[in-house]
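Working from the sequences, and respecting the hints, build out all of it.
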Amino acid sequence: MAETKMAAKGLVNRPAEKQSLSAVVAKFRELGLLGFIIVLSLIVQLRNPSFLTLENMNDMITNTAILSILAVGMMLVIITRGIDLSIGATLALSGMIAALTVNAFPEVNPLIAILLGTAVGLVCGVVLGFLIAKMGILPIIATLGMMNVFRGLTFMASGGKWVSAHQMPVSFKAIATGSIFGINTLIVIAVVIYIVFYYFINHTRTGRQIYAVGSNPESAKISGIRNDRILWLVYSIMGGLSGLAGVLWVSKFASAQGDTAMGYELSVIAACVLGGVSIAGGSGKVSGVILGSILLGILNNALPLINVSPFWQTGIQGSIILIAVITNALVKRGVDRNNLMRRNI
Amino acid sequence: MDTRVISGSRAFSWKRFFMQWEWMLVLIFIAVNIMNMNLSEYYWSFDSLRDATMTFLDKAFIVLPMVLIIILGDIDISVASIVALSSVIMADLYNSGVPMPLAMLICLGVGLVCGFINGLLIVKFKELSSVIVTLATMIIYRGIAYILLEDQAAGKFPEWFSFLGWGYVGPVPFILIVFAVCAAVFIVLLHRTTFGRRVYAMGNNLTASRFSGIRVDRMKIIVFTLAGLMAAVTALFLTSRMGSTRPNVATGYELDVIAMVVLGGISTAGGKGRMIGAILAVFLIGFLRYGLGLVNVPAQVLLIILGLLLIVAVMLPKLKLSSLTRKPGR
Numbered sequence: 001m002a003e004t005k006m007a008a009k010g011l012v013n014r015p016a017e018k019q020s021l022s023a024v025v026a027k028f029r030e031l032g033l034l035g036f037i038i039v040l041s042l043i044v045q046l047r048n049p050s051f052l053t054l055e056n057m058n059d060m061i062t063n064t065a066i067l068s069i070l071a072v073g074m075m076l077v078i079i080t081r082g083i084d085l086s087i088g089a090t091l092a093l094s095g096m097i098a099a100l101t102v103n104a105f106p107e108v109n110p111l112i113a114i115l116l117g118t119a120v121g122l123v124c125g126v127v128l129g130f131l132i133a134k135m136g137i138l139p140i141i142a143t144l145g146m147m148n149v150f151r152g153l154t155f156m157a158s159g160g161k162w163v164s165a166h167q168m169p170v171s172f173k174a175i176a177t178g179s180i181f182g183i184n185t186l187i188v189i190a191v192v193i194y195i196v197f198y199y200f201i202n203h204t205r206t207g208r209q210i211y212a213v214g215s216n217p218e219s220a221k222i223s224g225i226r227n228d229r230i231l232w233l234v235y236s237i238m239g240g241l242s243g244l245a246g247v248l249w250v251s252k253f254a255s256a257q258g259d260t261a262m263g264y265e266l267s268v269i270a271a272c273v274l275g276g277v278s279i280a281g282g283s284g285k286v287s288g289v290i291l292g293s294i295l296l297g298i299l300n301n302a303l304p305l306i307n308v309s310p311f312w313q314t315g316i317q318g319s320i321i322l323i324a325v326i327t328n329a330l331v332k333r334g335v336d337r338n339n340l341m342r343r344n345i
Numbered sequence: 346m347d348t349r350v351i352s353g354s355r356a357f358s359w360k361r362f363f364m365q366w367e368w369m370l371v372l373i374f375i376a377v378n379i380m381n382m383n384l385s386e387y388y389w390s391f392d393s394l395r396d397a398t399m400t401f402l403d404k405a406f407i408v409l410p411m412v413l414i415i416i417l418g419d420i421d422i423s424v425a426s427i428v429a430l431s432s433v434i435m436a437d438l439y440n441s442g443v444p445m446p447l448a449m450l451i452c453l454g455v456g457l458v459c460g461f462i463n464g465l466l467i468v469k470f471k472e473l474s475s476v477i478v479t480l481a482t483m484i485i486y487r488g489i490a491y492i493l494l495e496d497q498a499a500g501k502f503p504e505w506f507s508f509l510g511w512g513y514v515g516p517v518p519f520i521l522i523v524f525a526v527c528a529a530v531f532i533v534l535l536h537r538t539t540f541g542r543r544v545y546a547m548g549n550n551l552t553a554s555r556f557s558g559i560r561v562d563r564m565k566i567i568v569f570t571l572a573g574l575m576a577a578v579t580a581l582f583l584t585s586r587m588g589s590t591r592p593n594v595a596t597g598y599e600l601d602v603i604a605m606v607v608l609g610g611i612s613t614a615g616g617k618g619r620m621i622g623a624i625l626a627v628f629l630i631g632f633l634r635y636g637l638g639l640v641n642v643p644a645q646v647l648l649i650i651l652g653l654l655l656i657v658a659v660m661l662p663k664l665k666l667s668s669l670t671r672k673p674g675r
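Protein chains in written order, with the working numbering: chain B, 1 to 345; chain X, 346 to 675.
If you're looking for bench data, these hints aren't it; they were derived computationally from the structure. Just so you know, even glycine gets a beta-carbon here, dropped at the ideal spot from N, CA and C. There could be a bad hint or two in this list.
A few chain X residues that face chain B, going by a derived Cβ cut-off under 8 Å, partial list only [what the hints assert, rightly or not]: (1) 489; (2) 492; (3) 642; (4) 645.
Quick look at the structure:
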């Protein structure tokens, strides 16, 4: 897929009639997504004027920050043809441990809580990566199994109880409410992660190897890439990001529960798929994933504003995932057909 | 050791017969029972074991078609949502005046249609793996259940409906009889018909199967539709046992079912495994849960045990296989 995209870019100098419609769509997919987001926002704004207020937008972007942090990690996993269903549980476990820690030691620096949560997530990810990369267990089976283990550990760590707002020190809750240069901390952290990962996957050798492993595992192996190490790394990164997101989540909602973020992995996968990350592996962009997360964030925020019952949200989200993956598949078919046509000349 | 059934031409050997994964399961099963007997004095009695089967056999109906799906090299994680959707629709229809037998038929029909949609999508969009398709339909089916029933519970079924989940025929629970019949049908289907042979062939090599004249698309659709139908059967028994239904019913069943299938020795790489292994695993996990439940092991610890069991079950054959390949002359 990475090659086909490059090939599609090479087309620019050629006569326009050689391109099929779907190839054009593929080239401008981020722009299209952005256009769709703008149109959707305008429609919602017409129905309910309180949508595009500064306050609501700030709220929406803050809510989307955690989703998009996870989506960036999930993108790496999906690029390597994997999937991680355990991130909701990892998030809950690391959030819970961070919350229990600040509850027990209220004077602890919030930065240490963040590091602790990230470390817990990292450990979860390393275990998962070991099972998938070294033991060769299918990602879906391994993550499904460990999801339950992490979830169970969360309940055991807390004894089934909640850690609620009054049990957390103000400094900890301030992580999510505070701001740096006038911008909410969550947004700042998310943006830093976008930049780091944009550089990592586009401009470092390891980053490019992730794409290579996803595009064609066999040829990646023959070209000297250690596939198992890349897989291990990818699941560890995903775990670390989930841990970070766990602390941010608990700080933002000021409560840590055993069933925190239950089913959240589905939203994250939806954001990736919407953002054009191919489930067949090998392709995906940070910019797409950000837009996908924003689109989901808008939907979650806007549906209640235009009086759609919250019970419709699950169904709508599922339909969106299905439509997005089918569109991706159709677009890819068009690109492939286009490349074949070019080869004939 | 080789769980492939293609070995019919090889000479029978006792050693190979006892080196099968299924015997391992029997041993674990006995171990679980001994452990349970020591844990609780109430465990080992005919009545208690008989009644225990009623509590875990409902999801066992999905295990049967899931074996076929995993032998195909696919996976279906939408089954729990199909259970919820067909159960909710049945309850909704009955409460709006549809006679119960008709509502039950429609319940089966809903499962059939959901499974058919899964199969159709997987066949029509070959770029998409069954993981992502059933992930999407899992959310959609559950979402429709929420749209229909919102946060309510629906129930008040007729008196006779509880017979499905709680009834006995003589000393035997009704659900056990139905399961035995279904299991027999699936064993024959997988091991004694051309249909079953084709499933193994497709799991081993899809392309070769297509070129040898198997209509692979149609086969896949049939198998996924079967899974939908059996999920609806589960919905019938589960709803009957619980007496009412909610949109979040059967949450997590897909994990239980897949764990049972994988523990039963069916390889997730496809093409290997036997129905009897999965059926053994159903009883193994069922009795394990029941026994631990008797001594008040919390549900969360059970979650951890089940998750670890799933991981260990997939890991064990791989460990053995790697030690075997290192031997010369193998």
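Hints, one by one, checked against the model:
1. 489: holds, 6 Å
2. 492: holds, 5 Å
3. 642: Cβ of residue 642/X sits 11 Å from chain B, so the hint is violated.
4. 645: holds, 4 Å
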